[in-house]
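Protein sequences appear in the order of chains G and E. Under numbering that gives the first Met the number 0, the first residue of the first sequence carries the number 0, and numbering increases by one thereafter. Under numbering that gives the first Met the number 0, the first residue of the second sequence carries the number 0, and numbering increases by one thereafter.
Everything labelled a hint here was simulated from the structure, so no lab data went into it. Careful, some of the hints might be misleading.
The list treats identical chains as one, so a pair stands whether inside a single copy or across any two.
Calculated lysine to any residue pairs in the SDA-like style (CA-CA distance at most 20 Å, straight line) [as the list claims (entries may be wrong)]:
#, residue 1, residue 2
1, LYS250, GLY172
2, LYS250, ARG158
3, LYS141, ASP64
4, LYS191, THR31
5, LYS36, ASP273
6, LYS246, TRP202
7, LYS42, LEU94
8, LYS36, LEU237
There are 2 protein chains.
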Amino acid sequence: MLIGAVEAGGTKFVCGIGNESGEILERVSFPTEHPVKTLAQVKEYFKNKQVEAIGIGSFGPINIDRSSAHYGYVTTTPKPGWANYPFLPELAKVLDVPFGWDTDVNAAALGEATWGAARGLSSCLYYTIGTGVGVGVYSEGKLVHGLVHPEGGHILTRRHLEDTYSGKCPYHGDCLEGMAAGPAIEDRWKIKASELPTDHKAWEFEAFYIGQAVASAILLLSPQKIILGGGVMHQMHLFPLIREQVKNNLKGYVSAAEVTDNIESYIVPPGLGDNAGLSGSIALGLQAYQNA
Amino acid sequence: MLIGAVEAGGTKFVCGIGNESGEILERVSFPTEHPVKTLAQVKEYFKNKQVEAIGIGSFGPINIDRSSAHYGYVTTTPKPGWANYPFLPELAKVLDVPFGWDTDVNAAALGEATWGAARGLSSCLYYTIGTGVGVGVYSEGKLVHGLVHPEGGHILTRRHLEDTYSGKCPYHGDCLEGMAAGPAIEDRWKIKASELPTDHKAWEFEAFYIGQAVASAILLLSPQKIILGGGVMHQMHLFPLIREQVKNNLKGYVSAAEVTDNIESYIVPPGLGDNAGLSGSIALGLQAYQNA
Chain G
0 MLIGAVEAGG
10 TKFVCGIGNE
20 SGEILERVSF
30 PTEHPVKTLA
40 QVKEYFKNKQ
50 VEAIGIGSFG
60 PINIDRSSAH
70 YGYVTTTPKP
80 GWANYPFLPE
90 LAKVLDVPFG
100 WDTDVNAAAL
110 GEATWGAARG
120 LSSCLYYTIG
130 TGVGVGVYSE
140 GKLVHGLVHP
150 EGGHILTRRH
160 LEDTYSGKCP
170 YHGDCLEGMA
180 AGPAIEDRWK
190 IKASELPTDH
200 KAWEFEAFYI
210 GQAVASAILL
220 LSPQKIILGG
230 GVMHQMHLFP
240 LIREQVKNNL
250 KGYVSAAEVT
260 DNIESYIVPP
270 GLGDNAGLSG
280 SIALGLQAYQ
290 NA
Chain E
0 MLIGAVEAGG
10 TKFVCGIGNE
20 SGEILERVSF
30 PTEHPVKTLA
40 QVKEYFKNKQ
50 VEAIGIGSFG
60 PINIDRSSAH
70 YGYVTTTPKP
80 GWANYPFLPE
90 LAKVLDVPFG
100 WDTDVNAAAL
110 GEATWGAARG
120 LSSCLYYTIG
130 TGVGVGVYSE
140 GKLVHGLVHP
150 EGGHILTRRH
160 LEDTYSGKCP
170 YHGDCLEGMA
180 AGPAIEDRWK
190 IKASELPTDH
200 KAWEFEAFYI
210 GQAVASAILL
220 LSPQKIILGG
230 GVMHQMHLFP
240 LIREQVKNNL
250 KGYVSAAEVT
260 DNIESYIVPP
270 GLGDNAGLSG
280 SIALGLQAYQ
290 NA
């Protein structure tokens, strides 16, 4: 069975085809431009592909409330042309298949729970730490939506005592994203994150903020796996630093061996690597097929 | 149909009988002492009660992992006699009915979602702010368990700039519970919370900490209702202060009318009042009956 997938990022779109085992059979990628142009490329790609369903993991915020007249819309993004744009309805006009529709990070969380690092578990959190910070939440075997959808990249964290940086989030200044996303690192140190040496102070700060956010999420939700992805997390030396911060913050309060003894296999990189988003979109498509 | 309920608190136990509409038909209460003595009273109470199931909402931490050999145990509590005590197995020896078993706050969240302030919704958070701080999590129509169970009362919050109090949590010092639970208020101001005038600085601090925790929870989980219960929240003047803090923290980022326009009906006291815990235990019992 062929399932279509759209990983709709703010910078680029990836369209692909996969199967029910999560294998990615083919993919194309193009930059995110005005929605009319970009969605024309998506429609063109899937025109003769014979997919049984299409899953879309989209940048946000998006409307995922099935009872809403604006279900499938991108909502308040500053991205030119995309605010209040009927992303899903436009595709559904010409592609007559069931659609899965969720945030990019929820898609990645589902992908990891289906075929990746959280396979077989009923809960996980998927963080992407890159140009922004996002969190996908999978709990008790379901993706979490609620009122809107999780936006855990913007929680407030305590400031590192040596950190005088004001923060880069246009809404909150020094929230998690404002302090720990790639642009904040670059703005604070005036050098790209990817060019900072591994012993730079920047990584201590980074682990401090991410470790706090992860510790709070463990306390609030008790997930069975924490997956940290995104461009910044390509810096693999961050993982041990973050795990140490999490332990420092929890101080033994959560008495589960996963946290106290085996944190190396509890806070992990994506099992699907950089395919988490596209594979997750396949998983969303598969769910839509099964529900249809 | 008669459903038994046990609201097992660290200070007192409440046992009761309710029906499938959530009506509480009778109840008794006794202090929490050594488990052998206290559970004997529970067994005695239910001996000839003809209930179809019993729901227990317990103080924690507890083991709620059905696949564990210690399912139904209280785990690491400092309460004399209760650490690693087989609470549920002891009752199940003599009471031959299906049992529902969860944390006191999860029970209250389920009660509120079934018959209270979150009735008809698929998600809510139930905070109890009293001698400790606990959070029950109901999401996508299910209580959240995960690795252990939610312990969101211990998340780290930023310190109020004028607050020099070191915090009362034996694990984390100045976590949410360490700064905002009843004993922290009393220890900080050397006067019982219930005796502080409504214009006392204490309430500004209190709203500051709770408002931060609630804002972070909204971002991470996007719940459809936030319910604040427990002894400290009997101070109704706290509600507008907390709502204001939540708005200040979110800064319009979560664009849902529930938060931006109608926060008065979004952050609310328990619809079931002080019966949330006992009613929630009835709801747990009802679930156990339906699953059996």
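Now the hints, each set against the structure:
In this assembly of identical chains, LYS250 and GLY172 lie within 20 Å of each other by CA distance solely across copies; the values are 10 Å between and 28 Å within a copy. Proximity of LYS250 to ARG158 under the C-alpha cut-off of 20 Å is found in both arrangements, the shortest distances being 19 Å within a copy and 19 Å between copies. Taking the shortest Cα distances, LYS141 and ASP64 sit within 20 Å of each other both inside one copy (15 Å) and across copies (18 Å). Taking identical chains as interchangeable, the C-alpha atoms of LYS191 and THR31 are never at most 20 Å apart, the minima being 23 Å within one chain and 58 Å between chains.
In this assembly of identical chains, LYS36 and ASP273 lie within 20 Å of each other by CA distance neither inside one copy nor across copies; the values are 25 Å within and 57 Å between. Taking the shortest alpha-carbon separations for LYS246 and TRP202, only the intra-copy value of 17 Å comes in at or below 20 Å, while the best inter-copy value is 32 Å. Only within a single protomer do LYS42 and LEU94 lie at most 20 Å apart by alpha-carbon distance; the minimum there is 7 Å, versus 62 Å between protomers. In this assembly of identical chains, LYS36 and LEU237 lie within 20 Å of each other by CA distance neither inside one copy nor across copies; the values are 38 Å within and 51 Å between.
In the structure shown, a violation is registered for the earlier hints numbered 4, 5, 8, in ascending order.
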